[in-house]
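**Q** Single-letter residue listing:
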Amino acid sequence: AQTVTQSQPEMSVQEAETVTLSCTYDTSESNYYLFWYKQPPSRQMILVIRQEAYKQQNATENRFSVNFQKAAKSFSLKISDSQLGDTAMYFCALDTGNQFYFGTGTSLTVIP
Amino acid sequence: DTGVSQDPRHKITKRGQNVTFRCDPISEHNRLYWYRQTLGQGPEFLTYFQNEAQLEKSRLLSDRFSAERPKGSFSTLEIQRTEQGDSAMYLCASTRLGEELFFGSGTQLSVL
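Protein sequence lines, in the order shown, are assigned to chains A and B.
Quick note: the first sequence uses the numbering used here, first residue 17, plus one each step.
Quick note: the second sequence uses the numbering used here, first residue 207, plus one each step.
Excised from the complex, chain A in its bound form (with noise of 0.2 Å):
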């Protein structure tokens, strides 16, 4: 069975800081994506950062970036010099190919 675990309900962050919110997963499949969402209140579900499971190099995307550590089937985001409005719920999700499984959602507070 497929899972992906996000064992932070809530953060806060100071606007300009770093924060990194977790995400394990687990999956049989040798081949998969992974991906963080970001859900800002009463919005849409947009796409943050995508990581194929055969690269190695992390992906970033401006100022978000991820840290994967396959062997330990973890997937983090970074997000450096936090905004006001990165203030929204984060997913992170596992494609396996047929079905996008997702976390619980970790709700991002930026504090001015």
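Hint data in this document are derived by calculation from the structure and do not stem from the laboratory.
Just so you know, even glycine gets a beta-carbon here, dropped at the ideal spot from N, CA and C.
The reader is advised that the hints may include incorrect statements.
[Claimed, not checked] Using C-beta positions, here's what the derived DEER-type ranges look like:
| # | chain 1 | residue 1 | chain 2 | residue 2 | range |
| --- | --- | --- | --- | --- | --- |
| 1 | B | Phe280 | A | Ser44 | 29 to 35 Å |
| 2 | B | Ala259 | A | Leu100 | 41 to 47 Å |
| 3 | A | Leu100 | B | Gln247 | 20 to 26 Å |
| 4 | A | Pro57 | B | Pro276 | 31 to 37 Å |
| 5 | A | Thr125 | B | Arg302 | 31 to 37 Å |
| 6 | A | Ser58 | B | Arg221 | 21 to 27 Å |
| 7 | B | Ala259 | A | Thr76 | 33 to 39 Å |
| 8 | A | Thr36 | B | Gly304 | 23 to 29 Å |
| 9 | B | Arg287 | A | Thr120 | 27 to 33 Å |
| 10 | B | Lys277 | A | Gln30 | 48 to 54 Å |
Chain A is already provided as a structure; the job is to place chain B on it using the hints.
**A** Same frame as chain A, now just chain B:
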């Protein structure tokens, strides 16, 4: 293409009534997913289509729920004999193999 479109945005119904939601995916996407999301939780998988074929359906989904995707284009999700526990946001998402999910804005269902 304007993205994934869902209709209606909001639906209020009385317990026992039937409701139907529509999703128009991004035109070149062959995979379409339905999720249910309650406040503060991650998306819960309901069902998945590849083209017009319904490949997977959640075991948690009761017989009151049915989905179709005629001709592999738009999809409908019908809930028969609605219950108060069906109140949730119903999300549709589409993708192609190896790409991220693109979400619609969702249909917020309230069962009175």
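**Q** Now tell me if each hint is right for this structure.
**A** Hint-by-hint comparison with the structure:
Take B:Phe280 and A:Ser44: their Cβ atoms lie about 34 Å apart, and the range 29 to 35 Å holds. The supplied range of 41 to 47 Å is met by B:Ala259 and A:Leu100, whose beta-carbon atoms lie about 44 Å from each other. Checked against the hint of 20 to 26 Å, the pair A:Leu100 and B:Gln247 passes, with Cβ atoms roughly 24 Å apart. A hinted range of 31 to 37 Å for the beta carbons of A:Pro57 and B:Pro276 is consistent with their spacing of about 35 Å.
In this structure, A:Thr125 and B:Arg302 meet the distance hint of 31 to 37 Å, their C-beta atoms being roughly 34 Å apart. In this structure the hint that A:Ser58 and B:Arg221 lie 21 to 27 Å apart at CB holds, the actual value being about 25 Å. A hinted range of 33 to 39 Å holds for the C-beta pair B:Ala259 and A:Thr76, which are about 37 Å apart. Remark: the range hint 23 to 29 Å for A:Thr36 to B:Gly304 is upheld by a beta-carbon distance near 27 Å.
Between B:Arg287 and A:Thr120 the beta carbons are some 29 Å apart, a value that agrees with the proposed interval 27 to 33 Å. Between B:Lys277 and A:Gln30 the Cβ separation comes to about 52 Å, which falls inside the hinted range of 48 to 54 Å.
Consistency with the previously given hints is maintained throughout, with no hint failing.
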